Amino acid sequence: MIIQDQMTVIAQSRIAENIFEMQLAGKLVGDITSPGQFVHIRTADSFEPLLRRPISIASVDKEAGQMTIIYRAEGRGTTILSEKRDGDVVDVLGPLGNGFPLEETESGETAILIGGGIGVPPLYELSKQLTAKGVKCIHVLGFQSSDVVFYEDEFKALGDTHIVTVDGSQGTKGFVTTVLAELGDNFSTYYSCGPMPMLDAVQRLYVGKKGFLSFEQRMGCGIGACFACVCQTTEGTTKPYVKVCSDGPVFPAGMVAI
Amino acid sequence: MNRLAVELPGLQLKNPIMPASGCFGFGKEYGNLYDLSVLGAIMIKATTLEMRLGNPTPRVAETASGMLNAIGLQNPGLQGVLEEELPWLKQFDVPIIANVAGTETEDYVEVAKAVSAAPNVKALELNISCPNVKCGGITFGTDPEIAKELTKAVKAVSQVPVYVKLSPNVTDITAIAKAVEAGGADGITMINTLVGMRLDQKTGRPIIANGTGGLSGPAVKPVAIRMVYEVSKVVNIPIIGMGGISETADVIDFLSAGASAVAVGTANFVNPFICPTIIEELPAKLDELGIKHISELIGRSHRL
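So the protein lines, in turn, are chains A and B.
Residue numbering for the first sequence follows full-length UniProt numbering, beginning at 1 and increasing consecutively.
Residue numbering for the second sequence follows full-length UniProt numbering, beginning at 1 and increasing consecutively.
Hints were generated in silico from the structure; no laboratory data involved.
Every value quoted in this text rests on a predicted model; they were computed, and no experiment measured them.
Nothing false has been slipped in among the hints.
27 Å max Cα-Cα, derived BS3-like pairs, lysine-lysine:
no. : chain 1 : residue 1 : chain 2 : residue 2
1   : B       : Lys-90    : B       : Lys-28
2   : A       : Lys-62    : A       : Lys-133
3   : A       : Lys-62    : A       : Lys-128
4   : B       : Lys-113   : B       : Lys-178
5   : B       : Lys-90    : A       : Lys-239
6   : A       : Lys-84    : A       : Lys-62
7   : B       : Lys-292   : B       : Lys-233
8   : A       : Lys-27    : B       : Lys-28
9   : B       : Lys-28    : A       : Lys-239
Chain B extracted, bound-state conformation (with noise of 0.2 Å):
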């Protein structure tokens, strides 16, 4: 029995690690450094119909325990991730979840259509959450009708099963998940960045070329287990979740929280083995709880 296996609709995970969409790239780089096949599944970079070339620099600045970036969903399009990104990934041994974004919803329809026929795609993220670009991405993801709309929109489409990413950066988030259920949504993938600013010391301005950016790291992971926690009380379909997993214990409290599988951020650029490191450790962590398939731990907090 492998303790680690996990099943979601469309995906069989051998264990419930990947690494989040824009952490990774559409995974070359990493792939250079360890075997890709080892991880649960892959969250891809969002592809956009067209490439795009994304925000002004500086794109990033360090916070405390954290950091913002607004990279702007810089991508190389739709028939660039087809052509290139995902025939390269075909060697590796794992499904690929393909987040898709877009400025319309016709936008979000195409790529869907056409990514999820990809073979190796075996889930889709709908990404309604992504607070840097100034069109598209969160606005869909702050009106419940909208968000469940667009749901609606691309289910009609896609082959794949489809998940959708949600932003933190709402006043009740129990009001999107459930909208993106009613709008037929398979799984639900939270939490996104978290709109925040970070100041020049000189200048007073804000450091990051587009004003704002999204926080993530350890910073937010109070945040988003707290998300979870509350979405998956009022929700009946799988959420994978995320927000500052670091280390193998974080990956315990969000399936305590409720999630059935975390993606890992912005820890893989402090250490680009996290991944492949907290999937060797889960066995030992598992020992240490008493526990003997890590299923037994998802929504552990909801049952005292």
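The following block holds chain A by itself, in its conformation from the complex (with noise of 0.2 Å):
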């Protein structure tokens, strides 16, 4: 169920450079159902910035009914949330959107998990969950450059993780492709969340791969009922268009019109 829940910050850190990790407590935390899911926060108790930001969980302690979130802080309404300290109350509504499918990934089997930049949080607490069930996560994350790469150390926790950056300051030279290319395919299932074009390279690689796309798209009101963040979908699809939000924000692979 949705609901608006006033979240306590239980820490926050600058985790790498403008992007930063903050921990929440609050009931909201035991309606999330599947990594992936994002929230829609109220930065400031006034107009100015008026509208909520979609922000993706990172992962989640149900036990201590507390998550975390990771974002870049870059705009008004994010730089205002980077200054927010310990015991700020912050107005979420949440948990939005249907995550990435677990059941897709069988126990012993191989999932690939695709990130670029600010996609790369949602993929943590995925990684945690397969992992758990016994599935073989292999982490391949890209950044711009070193300074902007952040849980390595987690990732490589659960499981392979090859760090990517564009002007080769840490980890792989290039994009993410250029280390999925020397993987190959012997996997059973990809996850992927980033920016657009990333997100199209990804699919156009893996085509009659087994996959599912988290999207991106300029939000207003986070719950469907706004139709600012629709997506065409591709031919074949049995409806016409989808809403990023609420239908979303993870698809199926060749389901949205890239």
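Hints given; two lone chains; assemble the complex.
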């Protein structure tokens, strides 16, 4: 169920250049059902900025009633969010959207998790849950440069992890597809989250393979009412369009026209 | 006595608060969050004769205390609304105001005729002011004579009262208001969004794929208040006011300016519970102002 929760900031830290990790506590955590879901955060109790900010959930601790979000402080809203201190209360709407399907990969099978930049965070909870059920996870994480790389050790603790940077300042130089081409296609499922050109390149590389992509779009309401985040679908799909916020953000590869 | 009840042509409102068209879909998403029967009415998303897929994305851009949108009247079309959306809304004890849009007069007439026959549709809102579609919409809303003729044509076929939604993107909104009143409109809803544009700092190009979009949110409220004030002075039909209503105090302003009820738009995106919150807060606000019934507020600004 979607609720509006006044969540408490438990901790916040800067984990890379302009990248922040925030832990929040509140009853909303109990309603999270799958990795890849997101929350819609009101960063200020005023009209500036006006709209909420959609931010993906990076990890969930149901027992403690806490979740972690990771975001890039880029505009006004996320900059205000990055200035919150422990004990501050944040207006959070969620959990929103449909996450990655865990059931598409069986125990003992291999999954490749491909993330780009600020699309990496939801893959962490996904990897935790897939690994826990006995799936072997390989992570391919792309960033612009070494100063914005985060969670390398966290992903390494869960499985093979390949870091790729555009400028070559850390890991392999190039794009995620540079590494993917070398890894081959001996896996059962791929899961990906990142910028549209990356998702496009990944799904072109893996034509015929089972995959799930998480999309990003400018949003208004976050719950499916305003039709801001609509994407056209490909031919042969039953629906002519999908809403990223409420039908997605995760869709089977090949469904959304990129 | 229900201190919040307001009666308008076709509409017995238990309170004067309703979500504005285009900001509430057909109610389903908000119906997951609260009981829609608490609302005074619901203005459903614009319905056109055929299904529309709307404009390319990006369709929204945030601005100072507001937002621009160019959705492009995306909707499932008349059949979809009649067969899916309106029957679903029947479970709630709430009058529906159906927003009708089109490209040609014939489209408006056909949609109005069919949708006004639905049992839970108690009024129509004629959309002659959408700034985000190439044909129809706003072209009907900027010429008084054309607006009047369209109102007449729709009135001739509608089984329920017809409210006309006015565009603020005109030199003299009172001319349009008087014209639609002469055309037989039972009421006016105002204002639609103001045409605006936001540019990308890096590329210099418009952020919204459509180029321009409609500005809404708290930023437009003073313009809306001024226009409701002006129009309410020159027409004898009721006004449902809208434009940046975000909190209970804003409702008081719109009623004082001359509106008989109000619609809440963009604020639903900021706080999905804003309509029930305002409805809950209104009685205390009336107490604060020393007012027994909400209708005492209507048009206060003119009495000075």
